[in-house]
Structure formats: structure tokens, C-alpha cells
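Line by line, the protein sequences are chains U and A.
Take any residue in the first sequence, note its place counting from 1, add 701, and you have its number in my numbering.
Take any residue in the second sequence, note its place counting from 1, add 249, and you have its number in my numbering.
These are calculated hints, taken from the structure and not from any lab test.
For clarity, every value in this text was computed on a predicted model and none was experimentally measured.
Don't be surprised by glycine CBs; every beta carbon is placed ideally from N, CA and C.
Errors might be hidden in some of the hints.
Quick list of simulated restraints, FRET-style, between CB atoms [unchecked claim]:
| id | chain 1 | residue 1 | chain 2 | residue 2 | range |
| --- | --- | --- | --- | --- | --- |
| 1 | A | Val323 | U | Glu843 | 20 to 28 Å |
| 2 | A | Asn309 | U | Met774 | 42 to 50 Å |
| 3 | U | Leu712 | A | Val323 | 23 to 31 Å |
| 4 | A | Val330 | U | Gly824 | 18 to 26 Å |
Derived coverage of chain A by chain U (criterion: at least 3 residues anywhere in the stretch with Cβ under 8 Å from a Cβ of chain U; other residues may be distant) [as the list claims (entries may be wrong)]:
| id | region |
| --- | --- |
| 5 | 270–281 |
| 6 | 287–294 |
The following residues of chain U were derived to be distant from chain A, with all beta-carbon distances above 10 Å [what the hints assert, rightly or not]:
| id | residue |
| --- | --- |
| 7 | Glu703 |
| 8 | Ala731 |
| 9 | Arg793 |
| 10 | Ser871 |
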Amino acid sequence: MEFFVFGCAALMILVGAVGVITRSHPVHAALSLVLTLFGVAVLFVAQEAHFLAAVQVIVYAGAIVVLFLFVIMLLGVDRVENLRTEPLTAQRPLAVIVSLGLIGILVAAFTTGSGALHERGEGINIPDLNTGTDANTTQLAESIFSKYVVAFEVTSVLLVVAVVGTVLLSRRIKSVEVETSK
Amino acid sequence: MIAALLVPTATWYLVLSAILFGIGTFGVLVRRNPLVMFMCIELMLNAVNLSFVTLARKLNDINGQTIVFFVMVVAAAEVVVGLGIIVAIMRNRSSVTADDLTELNG
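Please construct the entire structure, taking both the sequences and the accompanying hints into account.
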């Protein structure tokens, strides 16, 4: 059963990822990204990270992809990019070598180093009738709001800075000059 | 025996995340539309998140899931700022490729 889930989710992830880098239309690439993000959410559920799966669907597949689509429509860059031409000579063969080498190094590290992994944490609560149906969410909340509460508060500062910076960036400079010249 | 071989171990998930990371790297290196390059960066972030969750289960440690939560928040902020920069650059410009941004060099 877990093999079936893993196979379907891996297929979704890989098809979506290949779609992102091969579709010449940016909207199609964004929709392929949704497929990949849903696949990752399925694998989160398969590994007992239920809260993160929900956040993945809401934040990534919901908010971030919608933001991408908004920007694509706003800029009017939803034109088909010609992928046949290669702007730099030997760019694509070199990129293939780099990415395949990266995959090779990572896979070698995972296969040789997996014996060195051993359990060291306090354990992850898996939802059942004894621990409650929201055991994972409760445990994650206890971790965030006790051990990492300072990081959580700093995150709010980061979000405020991001929002203010984006408003400043996307403000039209012409209107500012008109207002100051009055 | 076959049923025992077909249970996905942590290595399977880690190899999948490595492949996803490699695909994202290839996209960042090859694509020229800055929005699609950004999507490829999201692919790489998701690959790292997947490996964090996998290792959280493998090591029986909730901290792996906690850091994925923070990575998601920072990724959301990063997307907002990055798309704001792209909008600011591209507003008065008809070109859509990253190769045309050569006036950024000093």
C-alpha cells in the first residue's frame, strides 16, 4: 500500500518537475508546479507529517502558485518562449552534467550514509485513538511554541519586512515624483 | 520477500528528493524566463523539505518537521520579495528573458 502511494506520488512529482522545466508556456509551467507540490504533500502525509501536508497545499499550491499566476498575467509575459534556440553554446550539455553530477553525489551520499542514521529524537507522535487524532499538530505546535518560540517571533519580523519591501518595490516612482513636485 | 522489498524506505524518499533537486538545478541553469527560474527554485526548496520530513521520520525527531515549517514561511517571504523585484524590473520592459538584464553590471 505504501509502495503504491509512493509510486503515484513520485510519478506526480517527477512529471510535474519535468513539466516545469520543459513547458515553454509559463502558465503551463506553473500548473505543472502545482502537480509537484501536491505530490510532495502526499509524501508528507505518507510520512506522518499531516500538518505540514496541509500547510503545503494551502501555502504552496494555493498562495504561492496563485501569486505566480498573478504576476504572469500582470506582466503579460504569458508568451511562448522558444526553447529550441540555445543562447549560450554548450549551456545545456554543461547543465545536464552539473545536475546529473549533483544527483549522483547526493544518491551516493544517501546510499552509503544511510547506515549511519540512528534514532535520536524523542519520537514523533502518530495519530491514533490513544494519542488523539491531531497528535502530529500538537507535537509540532509544542516544538514551535516552546523550543523555537524566538525563531517564530523573528519570523513575524521577516514577514513584515517582506511585505513592506514589496510595497516599496512595486510602487510607481512617477506618482511619487508628481506628489513631491506639487 | 518481494513484499518486504517493496516497502519504501527512507533511502527511496531521499533519492526522490535528490532527483527533484537535480531537476530544479537543471531548470535554474537552463531556463531564461525569470519566473520559471523562480519556479525551479521552488522545486529545489520542496526537495529539501521532503528530505527534512523523511529524516524527521527516520531519526524519530520532530525538529525536522519544525524546520520545514520555518522553511515554508521563509520561502513564502522570498517569493513575495522576488516577484516584487521581477515586477519592478519588468514593468517598463518588453523583454522576458534574464539575459537582457545586462545593465545591472557595474
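Mind listing which of the numbered hints don't hold for this structure, in increasing order? Hints 4, 7, 8, 9, 10 contradicted; others consistent.
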